[in-house]
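> Going down the list, the sequences are from chains C and F. Mapped onto this note's numbering, the consecutive letters of the first sequence carry residue numbers 1020 to 1268. Mapped onto this note's numbering, the consecutive letters of the second sequence carry residue numbers 74 to 367.
Fair warning: there could be bad hints in the mix.
Partner residues are not named here, just some residues of chain F that face chain C (Cβ under 8 Å, in silico) [said to hold, decoys possible]:
#: 1; residue: Gln264
#: 2; residue: Ser270
#: 3; residue: Gln286
By construction, these hints were calculated from the structure, which means they are not laboratory data. Since the model is a prediction, treat every value here as computed from it, not as a measurement. Backbone N, C-alpha and C define an ideal beta-carbon position, used for all residues, glycine too.
Spelled out, the chains give:
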Amino acid sequence: MINWSPEQPIVSIHNVHKSFGPLEVLKGVSMDIMKGEVICIIGPSGSGKSTLIRCINALNDIQGGSITLEGQEVHDEKLDKLELRKKVGMVFQQYNLFPHKTVLENVMMAPIKVLKESKVEAQKRALELIKKVRLDGKENSYPGELSGGQQQRVAIARSLAMRPDVMLFDEVTAALDPETVKEVLITIQDLAAEGMTCILVTHEMAFAREVADHIYFTDRGVIVEHGSPKEFFDNASDPRTKEFLSQVL
Amino acid sequence: MAIKYIPVTTQYKQDRLAVLKPFSPKGAAYDEMYFVRWLGGLKLKYVALAALLWPAIAFAQSGGYGMGDAFEALLRWIPFLTFQGFLYNVLISIFAMTIGTVAGMALGLGQLSNISAVRRFAYFTTQIFRNSPWLVILFVILLAFPFEVTVFDITIPIPAWMKAVVGLSLPVMANISEIVRGAVRSVPSTQWEAAESLSFNRTQTMWQIILPQCFKRMIPPWMNWYAILTMATPLCSLLGVGEIITHSRQAMAAENNYPELLVPFYGYALVVFFVYCYPIARLTIALEKRFAFK
Ligand SMILES: Nc1ncnc2c1ncn2[C@@H]1O[C@H](COP(=O)(O)OP(=O)(O)O)[C@@H](O)[C@H]1O
Ligand SMILES: [Mg+2]
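Same shape as in the complex, but just chain C:
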């Protein structure tokens, strides 16, 4: 049986290797994430950040190493991936809302169909979550009628409706207008403050500095450097990190 207690890492990534055909994208990545921590993964485009977090909820398979979630090996062949994904919420850069469903339906759908919650219960919670992401009044709008920032907050509410233990965010503000970036970041910050374990890929340096407990810098499939925000931003030692920071700061 699985022995996992909250003092142990909730997500533990150990020496993960991932290739797409001949292209090796992750070359031995390791990180431990404790419950309630906020982790930011930073790095140049193409360095494997998306691939890494997609391995955590088994949207990608891996060729070597191990990833455990609450002590359970994620890439165990016998593991029911659908059960695993109930514990891991994911928010994408392009929101990926269901365009034929209203905001309320988007949020209610998975709890009803997947968790088999009653409609009344699911709706009650969906309305709470929509309020939490500050979109009350938009329950009956369709995604196409909302701004990018609003859609992204619906996507966050939709993920939260599954009551996940860990949330993955893949450059969720990268496709947004500058004015709406802030409202999404505030939503994530609220979540972090409530103790949700968050793993974020982001280019929002100021946000990472303020909210992250730990920052990882990846380049070409390896973690070049990691540390607290203070260590990372003020005392980066690796030349690749320094160069990257000089470009983005």
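Given the coordinates of chain C, work out where chain F with the ligands should sit on it, guided by the hints.
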């Protein structure tokens, strides 16, 4: 003078660069919906003009058994041709479309199955019936099925029209299968990922998330195939099924097979098919435009 010279150079350059552009096929041969687009694109005023001029020209002739007599014969036969004939074309098309749609949906989903044996079977079946001549399929069905079946001493005859329905539904099925596959493929893969990350299983994702999104997209090509199917129903006359062409031939025989009868009788069939299919084609094009931006 200089001004005139410049466009010539530009033209020359454009022509040369056009070679570098990606090849994007255009025209009827590359258009899945060419049929309704052509039919729906016909200007009604010209069709009406043609329809009016043609009997007028015919009546102008005289002597012996003339066109006038032939049109009189047609007028007498019109109720029979329409209600004993064309009505059956419509019924056959509706039955064949219903069977073809249900079977085609199943086959199309089979083509998207993650079980490779199912996928291969569905692909193979689709290709066979999509690429075989309809008349050949009709004859195979006619000859492969018995004329009657005996169950517990009761002999049930299988009428030819039932076989015709089955025979016509097969190519329709194959084309609906392709419509379903194409429509499902047109939904971005990110929708599958979003559903997957919310723990939806494959069946739930397909029925709750993917199919509802592409349902509208399937309607215009589905109607296109209905129009094509309706136009193909006269093939059934070759199986001896009572429909408009079979009955036109019988009526002409009863009128002593004067050659003058051919144009009015077959012309009438053409007009009836046009009157039935033209609104369908117009509606299809209108729906296609409406759904295009959704
Ligand atoms: N499904 C895939 N098939 C093949 N190559 C992929 C696939 N997904 C990502 N890659 C490649 O993996 C590398 C890392 O991609 P990604 O993880 O998206 O980087 P990042 O998110 O850091 O920009 C890139 O070179 C990309 O082209
Ligand atoms: Mg990425």
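> None of the hints should be skipped; say for each whether it holds.
To see whether the hints hold, each was checked on the structure:
Using the Cβ-Cβ criterion of 8 Å, the hint placing Gln264 (chain F) at the interface with chain C is satisfied: the shortest such distance is roughly 6 Å. Checking Ser270 (chain F) against chain C by beta carbon gives a least distance of about 4 Å; that is within 8 Å, so the hint holds. Interface hint at Gln286 (chain F): satisfied, since its Cβ lies 5 Å from the closest Cβ of chain C, which is below the 8 Å cut-off.
Checked against the numbered hints given earlier, the structure satisfies every one of them.
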